[in-house]
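**Q** Protein chains in written order, with the numbering used here: chain B, 5 to 590; chain L, 6 to 130.
Quick caveat, the hints were computed from the structure, so don't treat them as lab data.
Any given hint might turn out to be false.
What the hints assert, rightly or not - Straight line, CA to CA, 27 Å or less: simulated BS3-like cross-link-like pairs of lysine-lysine: (1) L:K18 - B:K250; (2) B:K250 - B:K302; (3) B:K131 - B:K163; (4) B:K302 - L:K18; (5) B:K19 - B:K544; (6) B:K7 - B:K19; (7) L:K18 - B:K297; (8) B:K135 - B:K7; (9) B:K417 - B:K400; (10) B:K163 - B:K223; (11) B:K248 - L:K18; (12) L:K23 - B:K297; (13) L:K63 - L:K18; (14) B:K539 - B:K7; (15) B:K302 - L:K23; (16) B:K223 - B:K19; (17) B:K26 - B:K131; (18) B:K248 - B:K297.
Claimed, not checked - Computed spacing ranges between beta-carbons, pair by pair: (19) L:K18 - B:K302: 17 to 25 Å; (20) L:R114 - B:D22: 47 to 55 Å; (21) L:G69 - B:K235: 22 to 30 Å; (22) L:D46 - B:E482: 37 to 45 Å; (23) L:G69 - B:E327: 37 to 45 Å; (24) L:S75 - B:L300: 36 to 44 Å; (25) L:G26 - B:Q389: 19 to 27 Å; (26) L:G69 - B:K400: 45 to 53 Å; (27) L:E109 - B:P24: 49 to 57 Å.
Said to hold, decoys possible - Beyond 10 Å from chain B on every Cβ pair, some chain L residues (computed): (28) M6; (29) E22; (30) L45; (31) D46.
Please read all numbers here as calculations on a predicted model, not as lab measurements.
For glycine and all other residues, C-beta sits at the position ideal for the given N, C-alpha and C.
Listed here are the chains, written in short residue letters.
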Amino acid sequence: MGKILRLNMSDRTAKLEDVPEKYAHLGGRGLTSSIVHDEVDPLAHALGPNNKLVFAPGIVTGTAAPTSSRLSVGGKSPLTGGIKEANTGGRVPPTLAVMGIRALVVEGQPEEKGKYWMAHITWDSDKGEPKVEFLPADEYTGRDLYEVFPELFDRFGDKVNVMGIGVAGEYLYSNSGVVAEDMERRPSRYAGRGGLGAVMGSKGLKFMIFDRTGAPAVKLADSEQFQTGRKKLLDALMEHDITKPKGGLNSYGTAVLVNIVNEAGALPTRNFREGRFEGAAEIAGEAIFEGNKTRLAKELYNHACSPGCVIQCSNTWYNEEGEEIVSCIEYESTWALGANCGIDDLDTVGKLIRLCNAYGLDTIEAGTTIAVAMEGGLAEFGDGQKAIELMHEIGKGTPVGRILGAGTAEAAKVLGVVRAPVVKGQSMPAYEPRAIKGIGMTYAISTMGADHTSGYTIAPEILGVAGKVDQFDRDKAELVRNFQYATAFIDSTGHCLFIAFAILDIASGFEGVVEECNGVLGTSWTMDDVARIGKEVIQKELEFNHAAGLTTADDRLPEFMEYEPLPPHDVVWDVPEETLDAVFGD
Amino acid sequence: MHIELWLYGPIAKYAGEKSRGSHAQLDLELPEGSTMQDLLDRIGLPSEEKGITFINGKLAALPGVDADRSVVLKDGDRVGISHRRSMWPFQYRFGANLTSEIQETFKERPDRGIHHAYSEPEAEE
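Looking at chain L on its own, in the form it has when it is part of the complex (with noise of 0.2 Å):
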């Protein structure tokens, strides 16, 4: 199946001579079934390197909030992963879309999601 993948900051170079420096748009072919794992398993993206995430524009992962791994890709799906020094903060993404995924995680969480960077383990509140 065809995945439309974008990369943004230096994370881009995971997309070898597709990379533009400050981004890259690659075509990814995976077989069916694939996860978001397997994706970054097939162009070697580190987990430390892995910042925010989009899975059609809907937010699926921010760094410290690993909702995203084991989701199913379809095809034609667009995928964009941004570096680790990206930000969303919670005012400008209070109300966007979510993977249900996502949101499942932001409810088990004492915090709700109102954060606006997780890359630490938290204690609890």
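Just chain B, same shape as in the assembly (with noise of 0.2 Å):
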């Protein structure tokens, strides 16, 4: 049945507890969401003492289904003032299930401030659970994650997995985010939105280091149904061209979509001012693909960013000597960092990637208030060298590092700047709201602020519309609501939320998931229960995010998005409150 392991950092103890029944059947952001609408009271600080830290695996992690290691870290968002659930992948994950921590949840704060510690977590295999040693982290802080995480790993041993912060989580940055090692050990995972890696760094936890060893597999309650589940996923996902090895996502990564929405004039470009960047092809997942055989002289397929995953969507991107320059260049990324600054150099925009993995920052937030700051004045939009200086001055804590590290809403009020493309002050990712409406609706409703995870479509029987999807007149607040519910799912299981795009065309994939859930928790799910749960967790986030003071008025897009045309198609942000507040609206 597994634990929740809890890190006091008050008093640096650890306390292993039961998981209470109530939590029985829960995983990933299912139980993230559980525990901080339980235990954290939604009108706290979420840098103050009361906030909690919560990290949980999925339902299936560390199990033998693909593409699953996945790990969700919840807590009260110090950007958006409400629940916040960020997700990674990496080599972590499978750990914290093997090792039966079904939840880790870090709280309290210490008296000291600006004294930082690291959890060693190991397994005690006399008693059969984990335990925790908490040791000094002096001398790791304040430096380039790309530097300590070598050291980590020489000094623990090359097989422990690391979580935790950069200098932004020091700094208490709201556009900080938790990082987790990738296959090569490299510092570029992240649970990277919403700033959770302030709350771990206002606790004065620098890292938490994971050792397995000794610890036994994850336990099946149904193996035959497990496997019978899993290998109907597998097939969905070798089968499909997006996720199939050599596939969409495997031969061009995320990036894949730079050229695709650009052409649909829905690529924010220069904060917002516009749908199509005229240099986006320059930063493509087209790009990286011509550009790596050019200068490595051969074609490089990606990888996988974590243990079990199929689909191997990670792309690294080397400079003209045949030296890394980063790993990886995400979709999202080469937006906010390329597009939406006027940069349309991949080496600038690897470069500057590079530098949020080393200060430990959410790169959409990072390119969205480099962004702002250039419409405020600070650099010319297209600058990638001024770019670049100003992250520096982010990773310094310099004064205007600081005001830009405190996100896109802030730095805009600072500067100045009216055009804050943020909802619930979280920025918005690379789909621009006038030009796809849909996106647009995700944006305003989601607990989570402006966010493009939230609202995947996985399967038309569970999402109530097959037969009734019309491109967008009637039902879309409904379709939107499904779409909701049907992520908070894949986000509970702790599978990578790209199955869903081999799941909502191959249904057989779509039902593997669900017993692949029965085969391990011994529960008997169908497609109904997949709504009911995913309904379940968006609840629980509804009424934290009211209770902390959240209001429908906060599920809007920012004015200036409905009086401003969007070139190409010159469009406005047009979509009518009461379809809007029709979503989770009773």
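Can you join these two chains into the complex? Each is in its own frame, and there are hints to help.
**A** Put into structure tokens, the structure is as follows:
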């Protein structure tokens, strides 16, 4: 059944508890949101002693389920003031599951500010449970994570897993994420959005080092059903054009979206002024593939970010000397630090992403913040060198850096920039809402703030809309609501959201996910349970947000999008408020 | 009439010396009344390599949802064609601009256009 591991940072003690019955079938986002809902005062200061930071692997994480190495990190967000779930892959998620850690809750706060600790979490074979040792982390603070990570692996061994914060978390930036290592032990995977790195920093916790040596495999309640489900999902992933080997994602990564969204006139450019960037093709997935081919004299296909992933969508970008600049360049990152800043040079974009990784920043929020800084006169749009300098200011914590580290909304306020592309204080990702109204609705109503990963479509059946989806006239509120529920379910399973590409189109793949969950938990879930489970997660998040003071007034897009037409389609945001309120309204 | 053509990915090679490797931008002169199919014939792009297609920023075709072959192009149109391994998942195109031809095509399908990819001919749902 696993345990809840609590780390108390007020007195640096650790405690293991049984998982209460009410959480028996929860994992990932379902579990983090439940614990935050149940234990955190919605009016608590996000960086004070009463916020908590919750880590939870998914329901099937740690098993042989394909592409299931994901972990949710939850808490009250210093960026949005509401509930937050951020999600990461990398090598660490299965380790928590294997160690029986269903949730890890970091609570309390040290008296002494500015002092940081590490939690070294190992397996006690005699007791058959994890044990924790707290160690000082002073030698690692204030430093580039690319330098620190190799030291950690040298000290604790190659097999350990690391989660923690960069300087951004130490500075308590609302733009800071929680880092995890990738398959090559780089500090490159992030539970990025919403400033949870700052929450970790506010608790004086710099790193958690997990060593699963000696821990047994995850037990299955029903192996046969699990294997059946696993095979169905695997077959779907291997068959679908987007997820299969040498398919879209394996060849070009998520950055394959750049040219498409740009051609559609929906790629936010120069702080959301236009929907098409003249330099988009230079920073797209195809440019990365071809550029690497020229620089390395071979075709380089992408790799997995985490154990057991069959989609393998992460790329590496090399310079002309064949040295690595950064891994990896995602769609969101190349957009935020590229098109949205008017930068069309992949080497510059690569360097900016690497700096985000080094300092511990969410690349989306960093890019949208620099774009606002550009509009606010701190740099010209397109000035890559200046963008790099601004990034260094963030990393050094200079006064300008601290303003930018506070995120897009705050930087806009300080610089007098009206055109702040944010919802609930979190900046919009790489899809212009004026040009793609559906994603605009998702940005508006998501419990997470402007978020592109909360409204995935996974299966027409569970969406209840098979046969009645007409492009954006009736039923759009219901559709958007069902996307939210569906995504919350996937976020709870521990699968990477990208399985959604295959399982929306291949129904047996989706059945497989449900069977895998039943196989692990011993439940008898069907499609109906999927919607129910997703809905329960969302309901808790909505309750938390309402109690935290968010209202329907926060389910709106920025005013400027209502009156400023976006080229090339010259569209404004005109989805009626009633439609937005109908998504979660009763 | 003048058409501004963009090709993305390996199909950039059909732009000949205008190819930049990862993409190509080509200005074409076509006779008045030319269709999308005429354009494809002109550059020699085979059907099996034609991916997601846009006309003036509106989605015109997806692999497996071939709604654009007989669309008549107009002077000044911008056509964007991507390779077969690109994607535009449903939740990221829901509420985006579509050509009327593809809208009609989606309406006639049982799935109404909600799939992420259509490259295989489909069994009825």
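**Q** Each of the hints needs a verdict: does it hold here or not?
**A** These are the hints, each one checked on the structure:
no., hint, result
1, L:K18 - B:K250, "20 Å, holds"
2, B:K250 - B:K302, "15 Å, holds"
3, B:K131 - B:K163, "22 Å, holds"
4, B:K302 - L:K18, "18 Å, holds"
5, B:K19 - B:K544, "26 Å, holds"
6, B:K7 - B:K19, "10 Å, holds"
7, L:K18 - B:K297, "15 Å, holds"
8, B:K135 - B:K7, "12 Å, holds"
9, B:K417 - B:K400, "22 Å, holds"
10, B:K163 - B:K223, "22 Å, holds"
11, B:K248 - L:K18, "25 Å, holds"
12, L:K23 - B:K297, "19 Å, holds"
13, L:K63 - L:K18, "24 Å, holds"
14, B:K539 - B:K7, "25 Å, holds"
15, B:K302 - L:K23, "23 Å, holds"
16, B:K223 - B:K19, "23 Å, holds"
17, B:K26 - B:K131, "25 Å, holds"
18, B:K248 - B:K297, "21 Å, holds"
19, L:K18 - B:K302: 17 to 25 Å, "19 Å, holds"
20, L:R114 - B:D22: 47 to 55 Å, "50 Å, holds"
21, L:G69 - B:K235: 22 to 30 Å, "26 Å, holds"
22, L:D46 - B:E482: 37 to 45 Å, "44 Å, holds"
23, L:G69 - B:E327: 37 to 45 Å, "41 Å, holds"
24, L:S75 - B:L300: 36 to 44 Å, "43 Å, holds"
25, L:G26 - B:Q389: 19 to 27 Å, "26 Å, holds"
26, L:G69 - B:K400: 45 to 53 Å, "51 Å, holds"
27, L:E109 - B:P24: 49 to 57 Å, "54 Å, holds"
28, M6, "19 Å, holds"
29, E22, "16 Å, holds"
30, L45, "17 Å, holds"
31, D46, "21 Å, holds"
In terms of the numbered hints stated before, the structure departs from none.
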